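> What follows is the residue order along each chain.
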Amino acid sequence: MSENKLPPRERMKIPRQHMPEQPPEERRANFSEVNRGLTVLGATTEALRCLECAKPQCEHGCPVNVNIREFVRLVEQGDYLAAAAKIREDNVLPAITGRVCPQESQCEGCCVLGKKFEPLGIGYLERFVADYERAHGQVGLPEKAPPTGKRVAIVGSGPAGLSAAGDLVRWGHAATVFEALHEVGGVLLYGIPEFRLPKDIVRDEVNVLRQMGVEFQTNVVIGKTVTIDELLTEERYDAVLIATGAGLPKFLDVAGEHLNGVYSANEFLTRVNLMKAHDPSHDQPVFDCRGRDVAVVGGGNTAMDAVRTACRLGARTAYLIYRRSEKEMPARAEEARHAKDEGIVFLCLTNPVAFRGDPQGRLEAVRCIKMELGEPDASGRRAPVPVPGSEFDLPAQMAVIALGTGANPLVQSTTPDLQTNRKGYIAADPETLRTSKRGVFAAGDIVTGSATVILAMAAGRKAARSIDDYLHEAPAPLP
Amino acid sequence: MFPIVQAEFLAPDVKRFVIEAPRIARKRQAGQFVIVRVYDRGERIPLTIADSDPGRGTITLIVQGIGKTTKLMNLLGAGDALLDLVGPLGKPAEVKDFGTVVVIGGGVGAAIAYPTAKAMHEAGNHVIAVLGGRSRDLVILESEIRAISDEVFITTDDGSYGRKGLVIDPLKELIAAGRPLGLVLAIGPVRMMQAVAEVTRPHHIPTVVSLNSLMVDGTGMCGGCRIITASGARFACVDGPEFDAHTVDFDILAQRNRAYAESEAEALREFRAHADEYVREVRESCRLEAAHPEVRHPEEPTS
Numbered sequence: 004m005s006e007n008k009l010p011p012r013e014r015m016k017i018p019r020q021h022m023p024e025q026p027p028e029e030r031r032a033n034f035s036e037v038n039r040g041l042t043v044l045g046a047t048t049e050a051l052r053c054l055e056c057a058k059p060q061c062e063h064g065c066p067v068n069v070n071i072r073e074f075v076r077l078v079e080q081g082d083y084l085a086a087a088a089k090i091r092e093d094n095v096l097p098a099i100t101g102r103v104c105p106q107e108s109q110c111e112g113c114c115v116l117g118k119k120f121e122p123l124g125i126g127y128l129e130r131f132v133a134d135y136e137r138a139h140g141q142v143g144l145p146e147k148a149p150p151t152g153k154r155v156a157i158v159g160s161g162p163a164g165l166s167a168a169g170d171l172v173r174w175g176h177a178a179t180v181f182e183a184l185h186e187v188g189g190v191l192l193y194g195i196p197e198f199r200l201p202k203d204i205v206r207d208e209v210n211v212l213r214q215m216g217v218e219f220q221t222n223v224v225i226g227k228t229v230t231i232d233e234l235l236t237e238e239r240y241d242a243v244l245i246a247t248g249a250g251l252p253k254f255l256d257v258a259g260e261h262l263n264g265v266y267s268a269n270e271f272l273t274r275v276n277l278m279k280a281h282d283p284s285h286d287q288p289v290f291d292c293r294g295r296d297v298a299v300v301g302g303g304n305t306a307m308d309a310v311r312t313a314c315r316l317g318a319r320t321a322y323l324i325y326r327r328s329e330k331e332m333p334a335r336a337e338e339a340r341h342a343k344d345e346g347i348v349f350l351c352l353t354n355p356v357a358f359r360g361d362p363q364g365r366l367e368a369v370r371c372i373k374m375e376l377g378e379p380d381a382s383g384r385r386a387p388v389p390v391p392g393s394e395f396d397l398p399a400q401m402a403v404i405a406l407g408t409g410a411n412p413l414v415q416s417t418t419p420d421l422q423t424n425r426k427g428y429i430a431a432d433p434e435t436l437r438t439s440k441r442g443v444f445a446a447g448d449i450v451t452g453s454a455t456v457i458l459a460m461a462a463g464r465k466a467a468r469s470i471d472d473y474l475h476e477a478p479a480p481l482p
Numbered sequence: 463m464f465p466i467v468q469a470e471f472l473a474p475d476v477k478r479f480v481i482e483a484p485r486i487a488r489k490r491q492a493g494q495f496v497i498v499r500v501y502d503r504g505e506r507i508p509l510t511i512a513d514s515d516p517g518r519g520t521i522t523l524i525v526q527g528i529g530k531t532t533k534l535m536n537l538l539g540a541g542d543a544l545l546d547l548v549g550p551l552g553k554p555a556e557v558k559d560f561g562t563v564v565v566i567g568g569g570v571g572a573a574i575a576y577p578t579a580k581a582m583h584e585a586g587n588h589v590i591a592v593l594g595g596r597s598r599d600l601v602i603l604e605s606e607i608r609a610i611s612d613e614v615f616i617t618t619d620d621g622s623y624g625r626k627g628l629v630i631d632p633l634k635e636l637i638a639a640g641r642p643l644g645l646v647l648a649i650g651p652v653r654m655m656q657a658v659a660e661v662t663r664p665h666h667i668p669t670v671v672s673l674n675s676l677m678v679d680g681t682g683m684c685g686g687c688r689i690i691t692a693s694g695a696r697f698a699c700v701d702g703p704e705f706d707a708h709t710v711d712f713d714i715l716a717q718r719n720r721a722y723a724e725s726e727a728e729a730l731r732e733f734r735a736h737a738d739e740y741v742r743e744v745r746e747s748c749r750l751e752a753a754h755p756e757v758r759h760p761e762e763p764t765s
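Listed in order, the protein sequences are those of chains A and B. Just so you know, we're using our numbering here: the first sequence kicks off at 4 and counts up by one. Just so you know, we're using our numbering here: the second sequence kicks off at 463 and counts up by one.
Errors might be hidden in some of the hints.
[Said to hold, decoys possible] To give an idea of the interface, some chain B residues facing chain A are shown, with a C-beta separation under 10 Å as derived from the structure:
(1) Q494
(2) I497
(3) E505
(4) L545
(5) D546
(6) P550
(7) G552
(8) A555
(9) E613
(10) L636
(11) I637
(12) M683
(13) V741
[Claimed, not checked] Computed cross-link-like contacts, BS3-like style, restricted to lysine-lysine with a CA-CA straight-line distance of at most 30 Å:
(14) A/K330 with A/K253
(15) B/K553 with A/K440
(16) A/K279 with B/K533
(17) A/K426 with B/K553
(18) B/K553 with A/K253
[Stated by the list, open to error] Far from chain A by the CB rule (all over 12 Å, computed), these chain B residues:
(19) E470
(20) G541
(21) R598
(22) L645
(23) A735
Rather than coming from a laboratory, the hints here were simulated on the basis of the structure. Just so you know, these numbers come straight off a predicted model, no measurement behind them. Glycine residues also receive a C-beta, built at the ideal position from the N, C-alpha and C atoms.
Using the sequences plus the hints, can you model the full thing?
And the structure:
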């Protein structure tokens, strides 16, 4: 414990710092970040609240086991760059996870302060030091081991691929990340909106990896442009990590889903986030929401992202349609609160049954049915059951389906000896993340189904460790 | 960045590009497509690969200038470059010995039909080509297609070349003459493909169309290209682009292709007024990309 520190009883008296936010009435019309970040004073005060537990529970709650006690201590001492470097030992994307991690169910959920008071704002502090580091332009690059001469191909530049690449280059291996789109970042770029994760931050974090020696190749669709087998033979990679995510959009499979104005969340968000369709200086078009009513179907973080994006594109009313009650919503509480503050209308216990259009094939209304909660289902949540005769038409000219995603079969279908499970996800050993194919590993949503950024990053790290073991046991490639 | 090594007009606003893309050239099979993004404010559009030369590491695209992006592309020439090009995407055409194959290309559809027709010819089929266009100068690739076809019919709407009429006229005659047709491949405007499907449907002649729906990623991620078929929604980018014509709902396809008609018209008006500036910008963004690949995405203002 550091010298001259307040005794625990005094520290517990300090209230948790509030995250400054852009006011709802302003932010609902712009794409600037909602959360503004703690000030130096706020961060120092928050860091003072840490009890510096002998056995920090928060670190167990972190999927990548960041050395939280240490980095918070460094914040309290005012050594923000050292704090950032400490996080980077375990987490290559701190400015990103500081923004999008569900801390309330991870590190902060385990914080002992939370038993009687509010938990330590670990996410706020992580974000603070990562932003400080960015602003001061001196990233504490981790030390690198001498080159091993081994080369690893990573398929997909989302959180799993990026975190694996960071670890592999640190251990002296060469890592090449292949991305199908024209820009690196995967879901961080095309999926999460600017107002929650500014794209410059993603680009900066990617550039840090570039400085560490990671090579990126965009516009390469593994499975089409190059197959996994070709990576291992012709392109002579020693190992391959498949980290393609769960990118296949789910539709409702109801009448009228083909109507113009009905989007998958993937399409709507990609048009806006990656292609900047809302910016008149960019060519990709998107439905003009101005003055129209928009309905987003789903209750997860992606549904929140889509409905808040529609609001920012000028929707007259933006509805969120969710079949269970608000209590069962999988979205983070903070996201739901932000959405409500921005004027999003929540229609819970409601489910779409069809889309109705005009003779030109344009969406006019979403036909919905009211639901009530019945017995608990397989997920442990009470299953929604339709209320007979409760159908009604919700006028809407645009609808977005945000019901989750499935496994994209592109890589699997062109890699015959790669085993998949019933749902099409890649079968990988839970400990080693080895697949049925020698030298090929898989990590992240393509193994588990859609999860969070940090769980994908944790899986990427685990795969990197396992690949490192494999490369040390594998015979050297033929000259 | 993908350098354009050769470019020439085949017809008014129909241009053939030979582009350096060695990985795509090596892999590409007949029927597959690429997604192109011309410059860094550009949209992603799908274009069918008309040919490839794995030895030279090039692919051939034939582009009809219809909207802003294709018209911009048609202002580029040898020495210019495309910022992004990804592929080959989609399933290759099913090529085998069907006996007799009728290949119908309407307008620039001939460019998309040509590689499959060539592959069908090489697979031992008797290839009957039907080329159609509104007028003489819109009939393209005639000599290339003649070289790989056993019979060729040419139709124009105005009778300025070949026979006056529609591409379905020779097809109807072939059927009426009792010619055994193993497969009909029709590529062109949606309404043309629909008409062909209606001609062959009562005769149960297997008919394949290549569908040009709107796409973003081209890898099955967005679902924007969904085609409604008799057995439900399919994605043109990964399940297609070729489909059994007798299962496709062409009316929905035509409606979906018009989803952005208004903003496309507006974009085209704006482009026509500033075409020179766009070409300068494309050249500048490619020059920057070549010099500093790491600073491809400069700071953007947040609105």
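> Hint by hint, say whether it matches the structure.
Checked hints:
no., hint, result
1, Q494, "holds, 8 Å"
2, I497, "holds, 9 Å"
3, E505, "holds, 4 Å"
4, L545, "holds, 7 Å"
5, D546, "holds, 4 Å"
6, P550, "holds, 6 Å"
7, G552, "holds, 9 Å"
8, A555, "violated, 15 Å"
9, E613, "violated, 35 Å"
10, L636, "violated, 34 Å"
11, I637, "violated, 31 Å"
12, M683, "holds, 4 Å"
13, V741, "violated, 14 Å"
14, A/K330 with A/K253, "holds, 23 Å"
15, B/K553 with A/K440, "holds, 24 Å"
16, A/K279 with B/K533, "holds, 21 Å"
17, A/K426 with B/K553, "holds, 22 Å"
18, B/K553 with A/K253, "holds, 21 Å"
19, E470, "holds, 25 Å"
20, G541, "holds, 21 Å"
21, R598, "holds, 33 Å"
22, L645, "holds, 25 Å"
23, A735, "holds, 15 Å"
The earlier numbered hints that this structure contradicts are 8, 9, 10, 11, 13.
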